[in-house]
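So the protein sequences, as listed, match chains A and B. By this note's numbering, the letter at position 340 of the first sequence is numbered 340, and the numbering carries on one by one without gaps. By this note's numbering, the letter at position 28 of the second sequence is numbered 376, and the numbering carries on one by one without gaps.
Simulated from the structure, these hints should not be mistaken for lab results. Virtual Cβ for every residue (Gly too), placed ideally from N, Cα, C. Careful, some of the hints might be misleading.
Covered stretches of chain B (chain A as the covering partner; in silico rule of three or more C-beta atoms under 8 Å from a C-beta of chain A) [said to hold, decoys possible]: (1) 406-415; (2) 460-473; (3) 491-505; (4) 525-537; (5) 570-578; (6) 581-587; (7) 670-678.
Protein chains: 2
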Amino acid sequence: VLALLEENMRREVTALLKYAEDDAGGLMNPRYARLRPEMTVDEAIRYLRKQAQERLETIYYLYVLDKEQHLLGVLSLRELFSAAPDKKVADIMHTDIIKVPEQMDQEKLSHIFTRTNLIAVPVVDGDQKMKGIVTVDDIIDVVAEEATEDIHKAGAMEPLESPYLQSKLSEMVKKRVGWLSILFLGGMLTATAIGYFEDDLAKAVVLVLFIPLIISSGGNSGTQATTLIIRAMALEEVRLGDVWRVIRREVLVGLCLGAILAAIGFFRVLIPGIVFHSYGDHYVLLAIVVAVSLIGVVLWGTLSGSMLPFLLRRLGLDPASASAPFVATLVDVTGLLIYFTVASIIFL
Amino acid sequence: VLALLEENMRREVTALLKYAEDDAGGLMNPRYARLRPEMTVDEAIRYLRKQAQERLETIYYLYVLDKEQHLLGVLSLRELFSAAPDKKVADIMHTDIIKVPEQMDQEKLSHIFTRTNLIAVPVVDGDQKMKGIVTVDDIIDVVAEEATEDIHKAGAMEPLESPYLQSKLSEMVKKRVGWLSILFLGGMLTATAIGYFEDDLAKAVVLVLFIPLIISSGGNSGTQATTLIIRAMALEEVRLGDVWRVIRREVLVGLCLGAILAAIGFFRVLIPGIVFHSYGDHYVLLAIVVAVSLIGVVLWGTLSGSMLPFLLRRLGLDPASASAPFVATLVDVTGLLIYFTVASIIFL
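Bound-form chain A, shown alone (with noise of 0.2 Å):
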């Protein structure tokens, strides 16, 4: 193929094929608009107008570069269109320019756009020589992309490469077979903590019936906070250094929550018991175990929900990551932990 394109596109083409799809590198295009610094206004806008013949990505930046290619400063057409004929490019130039390595990840290029609100932003190499421009076009595409992949990794699987109706059944199993799989594994420590208080239910089965309930209010609340606490990471809201403020206020959002579930908790059990004798004699004390349980299981829930992306991002790994069944089964293992532990004290 690229014997069969033109000289100078199959240079262009064989330069860009080196980088990474998704780095700054790979995103970016070499056809920009260039200026010299000694040009005078006129002479640029003539220079330009020969420019735009080709087939220029953008000519609302203008780069001013010298004969070695390194970028000196840059100017928007507007500033030039709006400049006296006769100064100098040179002394309308701005030279405290946002520029980018060709490394630079994609995830990070979207903030700088995100952040500035530029058109463009060129990329440099090591010794500072203007390779191309990256256009907030293209980035856009990234964000899109970038909250996909954190998204299905939230729903716990691998990001689809293709949209879903494009992707093959064999990709859409691979997928979500594997998180599903270690799920699967990790799920049964319930079986084994439970297996841990079997005599204990044998005794007393109506502890049972709040298994299901009590076990998930934990994982709902885990799945809140570190979903927030993911999106945040992501938009670089919160940094590895916030880490105090954030269980700071976990805790006090815990304990919150936990005290108003605990409150319908335990009119949930106490009403029945009085009004249908539904679980047996010791409704009243079932009611406290119920209680108690919910806020020790929906702080500890929030606090390690909102911790396991700090964690994961510590040890080098992708906070997305810590998806809500993950944080969820986390959470089931130590919900019932906590619910078995109150119920033995204060019921058995």
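With the hints as your guide, set chain B onto chain A.
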């Protein structure tokens, strides 16, 4: 405040204030570059240089208007620059214009940008008169914002309005307690379901061991399916009309995933049953109950997880509300019914 602004700007701001923040009218900028159809290329460039003194949003696209502000055509500055100086603007402009009404929702608008690679899109009123332009640098924030909203909803809470660390604790509790309580109330149905089978359970407490494992497998497979469909709907990859194709895919995927988990679960019960005599004499039957239930629960989780976003959209609700915990809670109750029904047929 309005009184302090210059007359000109005040008129602009007042005009913009009447739009909702999240539609095309609210996002647009009224400062765009305009040309008349009868101008020559040289005249147009001179006219642009004059307009560039004002603070235009972009001069990358030039909009050709008649005297009543009707949008006749558009051309890029690059095209203007590379055209012969004496050509007329009307002869080089494009007339197949992508334009949007003032009321277009920002999410729809973002899809136009992700699909087309345009840098700006013109906004017109009901009479096709041009009102302003929306530029891609505003849309990039919208894309990130919409993704955050969907991710927060997927985590079973109302989207936060401010960054995590800036949100007040009371707001944090308020955004989270609603869904948490709804899920808690829904989760109470699990207690009812287990209560219905309480006598069976008293006869075979060993069944309790696998309750969390089996219902969470349904929840996890449901989470995967609902996550995939919600994101595909947000990106307009899947529409309401695709429901049958989705059902066919998810039934096949659900059967595959269920079969794989069933195989793991079968040996998880059988091996300790043989080696440690863990589950009494009926460990083979128990292994069969676990395996058959897993196929049923995973298939059901996958199917209901994928259908829930369709149902919500059909009802005019936001499909993104089908959060992981919501699906898990729904599937928990039905998962219990499947498990106990299978157990009572095979085991009891």
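Now the hints, each set against the structure:
1. 406-415: holds (count 3)
2. 460-473: holds (count 5)
3. 491-505: holds (count 11)
4. 525-537: Coverage by chain A holds for the segment 525-537 of chain B (9 residues, Cβ < 8 Å).
5. 570-578: holds (count 7)
6. 581-587: Per the Cβ count (3), the hint holds.
7. 670-678: Coverage by chain A holds here, the residue count being 5 at a Cβ distance below 8 Å.
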